[in-house]
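Enquirer: Using the sequences and the hints given, assemble the complete structure.
Sequences listed follow chains P and S, in order.
Counting from 4, one number per residue, gives the positions in the first sequence under the numbering used here.
Counting from 41, one number per residue, gives the positions in the second sequence under the numbering used here.
The reader is advised that the hints may include incorrect statements.
Stated by the list, open to error - In the DSS-like style, the derived pairs of lysine-lysine whose C-alpha atoms are separated by at most 30 angstroms in a straight line are:
| no. | chain 1 | residue 1 | chain 2 | residue 2 |
| --- | --- | --- | --- | --- |
| 1 | S | K145 | S | K211 |
| 2 | S | K167 | S | K211 |
| 3 | S | K68 | S | K167 |
| 4 | S | K170 | P | K21 |
| 5 | P | K376 | S | K94 |
| 6 | S | K50 | P | K16 |
| 7 | S | K111 | S | K145 |
| 8 | S | K174 | P | K376 |
| 9 | S | K167 | P | K21 |
| 10 | P | K17 | S | K174 |
| 11 | S | K94 | S | K50 |
| 12 | S | K145 | P | K17 |
| 13 | S | K94 | S | K111 |
| 14 | P | K17 | S | K168 |
| 15 | S | K111 | P | K17 |
| 16 | S | K94 | P | K16 |
| 17 | S | K111 | S | K50 |
| 18 | S | K167 | P | K16 |
| 19 | S | K50 | P | K21 |
| 20 | S | K167 | P | K17 |
| 21 | P | K21 | S | K168 |
| 22 | P | K376 | P | K16 |
| 23 | P | K376 | S | K50 |
| 24 | S | K68 | P | K17 |
| 25 | S | K111 | P | K16 |
| 26 | S | K211 | S | K174 |
| 27 | S | K68 | S | K94 |
| 28 | S | K174 | S | K145 |
| 29 | S | K211 | S | K170 |
| 30 | P | K21 | S | K94 |
| 31 | S | K68 | P | K16 |
| 32 | P | K17 | P | K376 |
| 33 | P | K16 | S | K211 |
Said to hold, decoys possible - Over the 10 angstroms line for every Cβ pair with chain S, so calculated as not near, a few chain P residues:
| no. | residue |
| --- | --- |
| 34 | V10 |
| 35 | F33 |
| 36 | G36 |
| 37 | G92 |
| 38 | S212 |
| 39 | V213 |
| 40 | Q355 |
Everything labelled a hint here was simulated from the structure, so no lab data went into it.
Model, not experiment: these values are computed from the prediction.
Glycine included, C-beta positions come from ideal geometry on N, C-alpha and C.
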Amino acid sequence: MSKMWLVAEHQFKKEVLKRGFLLAIVAMPFFLGFTAFMGWLTERMSQQTTAVGYVDPGQFLRTPPTGDDHLRFVPFASPAEARAALEAGEIAAYYVLPADYPQTRQAELMHNGQVSSEATEAFVRAVRANLLAGQPPEVATRALEGPRISMLAMDSRRAVPLDAPGLEQFLPLLVALLFAFWVMTVAATLVGAIADEKQNRTVEIIISSVSPGQMMAGKIVGVMGMALLLAASWVGLLLGFAWFGANVMGWEWLQDLRINGRDLALLSLVALPSFLCLAALMVALGSTVVDVQEGQQVGAVAFLVLFAPIYLVFLFATNPNSPLAIALSLFPLTSVTSLAARSIFMEVPTAQFVAAALVALVCGVALVWLAGKLFRANMLRYGQGLRLGRMVRRGA
Amino acid sequence: MYAVEVSRLKKAFGATQAVADVSFAVEKGEIFGLLGPNGAGKTTTIRLMLDIFKPDAGDVSILGGPMTEAKKNRIGYMPEERGLYQEMPLEACLVYLATLKGLSKAEARRRLQPYLERFDLAQHRDKKVKELSKGMQQKAQIIATVLHGPELLIMDEPFSGLDPVNTQLAKDLLLELRRQGVTILMSTHIMHQVEEMCNRIVLINQGRNVLYGEVAQIQRQYSGHAVRVRLAGELPPLAGVQAVVPLNGVVQLMLDQRTTPQDILQQLVSRHCAVEQFEIALPSLDEIFIQAVSQQ
Numbered sequence: 004m005s006k007m008w009l010v011a012e013h014q015f016k017k018e019v020l021k022r023g024f025l026l027a028i029v030a031m032p033f034f035l036g037f038t039a040f041m042g043w044l045t046e047r048m049s050q051q052t053t054a055v056g057y058v059d060p061g062q063f064l065r066t067p068p069t070g071d072d073h074l075r076f077v078p079f080a081s082p083a084e085a086r087a088a089l090e091a092g093e094i095a096a097y098y099v100l101p102a103d104y105p106q107t108r109q110a111e112l113m114h115n116g117q118v119s120s121e122a123t124e125a126f127v128r129a130v131r132a133n134l135l136a137g138q139p140p141e142v143a144t145r146a147l148e149g150p151r152i153s154m155l156a157m158d159s160r161r162a163v164p165l166d167a168p169g170l171e172q173f174l175p176l177l178v179a180l181l182f183a184f185w186v187m188t189v190a191a192t193l194v195g196a197i198a199d200e201k202q203n204r205t206v207e208i209i210i211s212s213v214s215p216g217q218m219m220a221g222k223i224v225g226v227m228g229m230a231l232l233l234a235a236s237w238v239g240l241l242l243g244f245a246w247f248g249a250n251v252m253g254w255e256w257l258q259d260l261r262i263n264g265r266d267l268a269l270l271s272l273v274a275l276p277s278f279l280c281l282a283a284l285m286v287a288l289g290s291t292v293v294d295v296q297e298g299q300q301v302g303a304v305a306f307l308v309l310f311a312p313i314y315l316v317f318l319f320a321t322n323p324n325s326p327l328a329i330a331l332s333l334f335p336l337t338s339v340t341s342l343a344a345r346s347i348f349m350e351v352p353t354a355q356f357v358a359a360a361l362v363a364l365v366c367g368v369a370l371v372w373l374a375g376k377l378f379r380a381n382m383l384r385y386g387q388g389l390r391l392g393r394m395v396r397r398g399a
Numbered sequence: 041m042y043a044v045e046v047s048r049l050k051k052a053f054g055a056t057q058a059v060a061d062v063s064f065a066v067e068k069g070e071i072f073g074l075l076g077p078n079g080a081g082k083t084t085t086i087r088l089m090l091d092i093f094k095p096d097a098g099d100v101s102i103l104g105g106p107m108t109e110a111k112k113n114r115i116g117y118m119p120e121e122r123g124l125y126q127e128m129p130l131e132a133c134l135v136y137l138a139t140l141k142g143l144s145k146a147e148a149r150r151r152l153q154p155y156l157e158r159f160d161l162a163q164h165r166d167k168k169v170k171e172l173s174k175g176m177q178q179k180a181q182i183i184a185t186v187l188h189g190p191e192l193l194i195m196d197e198p199f200s201g202l203d204p205v206n207t208q209l210a211k212d213l214l215l216e217l218r219r220q221g222v223t224i225l226m227s228t229h230i231m232h233q234v235e236e237m238c239n240r241i242v243l244i245n246q247g248r249n250v251l252y253g254e255v256a257q258i259q260r261q262y263s264g265h266a267v268r269v270r271l272a273g274e275l276p277p278l279a280g281v282q283a284v285v286p287l288n289g290v291v292q293l294m295l296d297q298r299t300t301p302q303d304i305l306q307q308l309v310s311r312h313c314a315v316e317q318f319e320i321a322l323p324s325l326d327e328i329f330i331q332a333v334s335q336q
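Expert: Below you can see the structure in the form of structure tokens.
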């Protein structure tokens with residue numbers, strides 16, 4: 004077996020046998036699941052069972068309003084009965100539809116405190132359904148749906164339905180976020196893997212057995228192996244979650260999910276050289292830091308840069324073609340997340356994806372060269388960081 | 041053909057001239073001492089030999105030519121900065137390092153067993169390296185250097201951190217390897233070990249050769265005109281002795297230029313002195329080291 008593969012195998016085993024690896028596998032799905040659960044829990048806790056009354060002396064509501072677990076409609080024979088119930092606290096509010104409602108279209112709402120928007124929407128929907136009773140079912144259904152408004156960028160074919168944006172609109176961003184988390188996990192591991200050799204004082208022994216290039220390549224391949232296993236675990240867990248949601252839970256938003264293959268393919272094109280850039284940068288950082296801990300601290304700065312476009316997503320919504328948006332799309336460390344964020348609002352031209360990939364590739368190659376130089380210059384400087392000026396003055 | 045040949049080697053780091061002009065050759069199957077005070081350029085010379093650093097000038101021939109990746113399997117190197125993977129179990133760590141030198145895992149394990157027993161580490165094989173004492177780690181480092189059966193051993197301070205018992209163990213191992221034909225280049229400050237083990241030495245200071253050659257020859261070269269004598273009785277007055285220096289049970293007689301050691305021995309015998317010890321006073325390598333370095 005080539006020595007590079009021996010280093011890779013050693014690094015791979017070392018990383019996957021760490022307790023932290025198991026934690027990293029479950030961390031991302033757990034994070035997503037926990038966020039979803041907390042949202043659901045908050046919504047559940049904010050919902051109290053509400054009783055709302057209505058008085059309909061003219062028998063206009065042939066189909067009465069329906070509630071759910073948290074909303075109950077109670078019919079009353081007269082406004083006086085309804086008012087008594089309101090004052091007794093049995094109901095939160097009541098509607099009065101006078102006998103001449105079909106002519107006047109005027110109704111009254113009596114309430115004590117705030118009426119939930121869900122109650123108002125449900126009652127109004129019931130009134131509208133009764134008003135549309137004579138219409139053909141498809142007309143009635145469409146009229147009840149109301150207007151469909153989509154945001155369409157001036158120079159784009161991409162539309163974002165403002166009333167109910169679907170998961171497919173945000174899927175590229177979700178993928179980019181997963182990529183960013185994945186890359187950062189890999190990056191932190193890579194910095195650690197290089198710094199670990201310095202901290203253990205094993206660099207000199209290893210490079211008396213393998214070339215520095217073989218050592219670095221072995222470490223990158225080993226960490227990549229770990230990262231691919233991690234990514235496969237995440238994707239597997241997410242697909243399992245999607246299958247469970249669509250087939251067992253019957254969630255429509257998952258059943259109707261349509262994946263934009265073009266965007267994902269183009270993002271992958273940029274992701275590979277972008278990863279190369281970051282990996283080389285991390286090797287360079289790993290060579291210059293004193294120990295693993297310092298490496299992780301420096302790596303955290305790269306994490307902030309990588310996520311910058313996520314913080315700027317609202318700027319992208321305003322103008323996804325702004326110079327800043329394009330610049331961030333071309334900068335290798337932010338290209339994937341920027342392009343993904345912009346893809347929500349517009350169809351980013353293929354040329355920009357290709358340009359971003361080329362820039363990342365060129366920078367990646369340059370960074371690999373620089374990482375090699377830094378590694379050679381600094382590999383035996385145990386317990387010391389490297390000053391750039393010193394590196395420039397001396398060569399390995 | 042030499043195992044190692046270094047010729048007019050130079051290396052500077054910025055304004056610092058770490059190695060200015062170093063030349064020596066190590067013969068196959070000998071133990072060769074690379075000596076010098078701190079900062080003399082010993083470690084840099086070793087790193088240049090192993091192609092860890094590129095020289096600014098000069099040539100290095102190692103095992104018959106320039107250093108190559110393939111030759112790394114034939115060399116065992118113990119650097120000044122000791123290093124083992126602290127979080128790994130001892131056996132796994134040593135086996136991994138041996139596989140990087142071209143051994144299969146099975147072969148590495150097979151060869152490791154006798155070494156672990158010899159160095160009294162067998163019962164610690166499953167312990168993490170960080171759980172071992174400094175001395176144990178040092179012994180493990182020696183095993184890592186020799187496990188793959190190298191033709192050439194390069195060891196920087198091989199006995200540092202070892203107690204006398206383990207120093208003897210390590211010394212015996214190196215002498216045994218020399219008998220098997222292994223060439224050993226060691227850098228050390230412990231001069232009595234150099235006197236005891238090394239066939240030849242090079243002493244470098246400020247990046248330059250100061251002394252180079254066989255240990256005995258260098259000692260003769262630095263010997264003063266003196267003899268060391270131990271007698272059963274009193275030392276009688278002797279002709280040709282300029283001074284008498286008592287030295288830990290013996291006396292050192294400083295002779296004038298016309299008097300030879302044979303003249304002194306003849307005088308002692310003719311006066312019926314009971315001579316218990318008589319030797320030409322050779323300086324220790326420590327003395328030579330100090331003298332040579334301070335003369336520079």
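Enquirer: Take the hints in turn and mark each one as holding or not.
Expert: Cross-check of the supplied hints:
1. S:K145 - S:K211: holds (27 angstroms)
2. S:K167 - S:K211: Status holds; Cα separation ~26 angstroms.
3. S:K68 - S:K167: violated (37 angstroms)
4. S:K170 - P:K21: holds (17 angstroms)
5. P:K376 - S:K94: holds (13 angstroms)
6. S:K50 - P:K16: violated (41 angstroms)
7. S:K111 - S:K145: At roughly 20 angstroms apart (the allowed maximum being 30 angstroms), K145 (chain S) and K111 (chain S) satisfy the hint.
8. S:K174 - P:K376: violated (33 angstroms)
9. S:K167 - P:K21: holds (17 angstroms)
10. P:K17 - S:K174: holds (24 angstroms)
11. S:K94 - S:K50: holds (10 angstroms)
12. S:K145 - P:K17: The hint holds at about 17 angstroms.
13. S:K94 - S:K111: holds (17 angstroms)
14. P:K17 - S:K168: holds (14 angstroms)
15. S:K111 - P:K17: Cα-Cα ~28 angstroms, so holds.
16. S:K94 - P:K16: Violated, at roughly 33 angstroms.
17. S:K111 - S:K50: Roughly 23 angstroms separates the two Cα atoms, so the pair holds.
18. S:K167 - P:K16: Cα-Cα ~18 angstroms, so holds.
19. S:K50 - P:K21: Violated. K50 (chain S) to K21 (chain P) sits at ~45 angstroms, over the 30 angstroms cutoff.
20. S:K167 - P:K17: Cα-Cα ~16 angstroms, so holds.
21. P:K21 - S:K168: Holds: K21 (chain P) and K168 (chain S) sit about 15 angstroms apart, inside 30 angstroms.
22. P:K376 - P:K16: holds (28 angstroms)
23. P:K376 - S:K50: holds (21 angstroms)
24. S:K68 - P:K17: violated (39 angstroms)
25. S:K111 - P:K16: Holds: K111 (chain S) and K16 (chain P) sit about 28 angstroms apart, inside 30 angstroms.
26. S:K211 - S:K174: holds (18 angstroms)
27. S:K68 - S:K94: holds (24 angstroms)
28. S:K174 - S:K145: holds (26 angstroms)
29. S:K211 - S:K170: holds (25 angstroms)
30. P:K21 - S:K94: Given pair K21 (chain P), K94 (chain S) is violated - Cα atoms ~37 angstroms apart, limit 30 angstroms.
31. S:K68 - P:K16: Violated, at roughly 40 angstroms.
32. P:K17 - P:K376: holds (26 angstroms)
33. P:K16 - S:K211: violated (36 angstroms)
34. V10: violated (8 angstroms)
35. F33: holds (26 angstroms)
36. G36: holds (32 angstroms)
37. G92: Fine: 66 angstroms to the nearest Cβ keeps G92 (chain P) off the interface.
38. S212: violated (4 angstroms)
39. V213: At roughly 6 angstroms from the nearest Cβ of chain S, V213 (chain P) sits no farther out than 10 angstroms, so the non-interface label is violated.
40. Q355: holds (43 angstroms)
Checked against the numbered hints above, the structure violates hints 3, 6, 8, 16, 19, 24, 30, 31, 33, 34, 38, 39; every other hint is satisfied.
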